[in-house]
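Numbering of the sequence shown is given in UniProt numbering, commencing with residue 1 and proceeding in unit increments.
Derived by calculation from the structure, the hints in this document are not laboratory data. Just so it is clear, the structure is predicted and the values come from calculations on it, not from any experiment. Among the clues, some could well be false.
Distance condition first, Cα-Cα at most 30 Å in a straight line; then the derived DSS-like pairs of lysine-lysine [claimed, not checked]:
| id | residue 1 | residue 2 |
| --- | --- | --- |
| 1 | Lys141 | Lys275 |
| 2 | Lys461 | Lys441 |
| 3 | Lys543 | Lys516 |
| 4 | Lys441 | Lys39 |
| 5 | Lys543 | Lys523 |
| 6 | Lys141 | Lys516 |
| 7 | Lys441 | Lys424 |
| 8 | Lys424 | Lys275 |
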Amino acid sequence: MRVIIKFPSLKSSSVSSAVLFMYSIVVFPIMLYFLWSSKIFLIEWEILSVSGEFMSFPIILDSVGLSFSCVVCFISGCVMLFSSSYMANDPFLSRFIWLVMMFVLSMNMLIFIPSLISLLLGWDGLGIVSFALVIYYQNMKSMAAGMLTALANRVGDVMLLISIGLCVVQGHWNILFMWDSEFSSAMACCLLIAAMTKSAQIPFSAWLPAAMAAPTPVSALVHSSTLVTAGVFLLIRFFPFLDSWENFRSALMFFAVVTLLMAGIGANCEYDLKKIIALSTLSQLGVMMLSLSLGAPYLALFHLYTHALFKAMLFLCAGGIIHGNSNIQDIRLLGGLWSQMPLTVSCLNVANLALCGAPFMSGFYSKDMILELCLGGSYNLFMLLLIFLATGMTASYSLRLSIYSLWGQPSHHLLHQNFDEDIKLTTPVIFLSLASILSGKQLQLLFLEFNNVLILPLGYKVLTMAVIVLGLWLAYLLWSSSLSKSTCPGLVNYFMSSMWFLAYSSTQPMIYGPLKGGFSVFKSLDQGWLEILGGQGLFFILKKLIWSGQKIQSKAINSFIMMVFMSLMILMLMSL
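Turn these sequences into a full structure, and let the hints steer you where they fit.
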């Protein structure tokens, strides 16, 4: 009689969703305790100790890490609940669940580890698992997107390794105890580049829209609270050290504003639903980097939380729309969804309003404060104009998305009717929509301290709203049915929608030159001069010397024999 024991496994995404929800519920009161008591716990697990040298694994518990972990796991729980219906017919659902759970685990390791060298566990874990998730649909397009994502993030990994090497001068790798040294500027520069690659700042932005090849639930997780926010969170953790570098703020502001502008223009010329939302993520990452360049890391963290909530909801709504329309992603082919999917459309509009910074939505509290901080500082007028122009473009592409897909006339007719009946699709969207509406004020009270009364001129308060209204008006003007065909024609549209040709220059042109140069170096050095002066050349020289020696030796023996023979002949003649 044979007994077969089956080990339990996470076969249902509903189980993993419940685990993640329970984790976020348990962590939330602990986070409040750390926040109100202003305590930080640094725990070190000593793994090995030999001859006075020890290896330890540190863990930090503070309000920043616990709150971020709570947000990540809450959004991950919503995504897993959504996936239980969205990916129900996938034959490899168990593999998908384990990959997503490993992804969440890697993000939590990045959050709770304060050591720069141990941070690589979470940092590289995100890169490896994200590659596996991007190539989940096994085709050439997904493989190309996965390679672009992995190689772009490899640049950040190299920069992080260099910063670890430079940190040896300090004698430790703990984030909390960094001080100035002769390599501080180089280390800060490496950390900045590493964060820019992970958060897809220009010129490393091409991988973010390419990562849309992953399943939509993965896109919701990647673009809201995990992979792209890892770079921003790294800068928030290292901000006291990075701020000591005199060029940090100016360099970060330049890249943030250019990324903001490029993403806003690209989203207004794009027709793919998921790519529009991906470019909006890129735009909001620029806003977070802008907040860091203004010297406000907790404001950047505040915007990171609010953005994570409404961006996850935006992707889940887009996934529901795509799922109900036979995987159609072109917004020109969608339309009339308000009458078919009223709940999904309502939540999508809530997310769009929060993205625009509409009053009293969660995005309003963070974005409005960042713009007011820009106005209150002594910054370049041209830079301020670009910032407010990019902010207006956020409202523009949000309204454009609604005009095309929600309120426009459908250009195709499905053989079935769309309904908001699946509770596993609608429940996480409702959770996130409530969080997007209610979390703004509460998060502001928790994470931002107002010690003084802030008095602003009326023009400053009106200007942020005026920019949003201007963006909405431009969207209606430029993307109405009468003008949509004449806007962004030809090469201009191609240039804008390809992120200023960044998507193409980051792949083949970037690879062709180094490969060609490497092949030329290989031919001229490895197979050329190094062979002549090295192995083959030495072989030919020794061969020639040996051959010459053999010739000399053979001639000498013949001459010696001849001399002996002649001597014997002479002796024989003399003896006669």
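Evaluated hints:
1. Distance restraint check for lysine 141 and lysine 275: the Cα-Cα separation of roughly 15 Å lies within the 30 Å cut-off, and the hinted pair is therefore satisfied.
2. The straight-line distance between the Cα atoms of lysine 461 and lysine 441 is roughly 17 Å, inside the 30 Å bound, and the hint therefore holds.
3. Annotation: proposed proximity of lysine 543 to lysine 516 is violated, straight-line Cα distance about 35 Å (limit 30 Å).
4. Our distance criterion of 30 Å between C-alpha atoms is met by lysine 441 and lysine 39, whose separation comes to about 23 Å.
5. Taking the CA atoms of lysine 543 and lysine 523, the gap is about 24 Å. The hint holds against a cut of 30 Å.
6. As the CA atoms of lysine 141 and lysine 516 are separated by approximately 25 Å, the hinted pair is consistent with the 30 Å bound.
7. Taking the CA atoms of lysine 441 and lysine 424, the gap is near 28 Å; set against the 30 Å cutoff, the hint holds.
8. With a C-alpha separation of about 25 Å, the suggested pairing of lysine 424 with lysine 275 holds against the 30 Å cut-off.
In summary, the structure is inconsistent with hint 3 from the numbered list given earlier, while agreeing with all the others.
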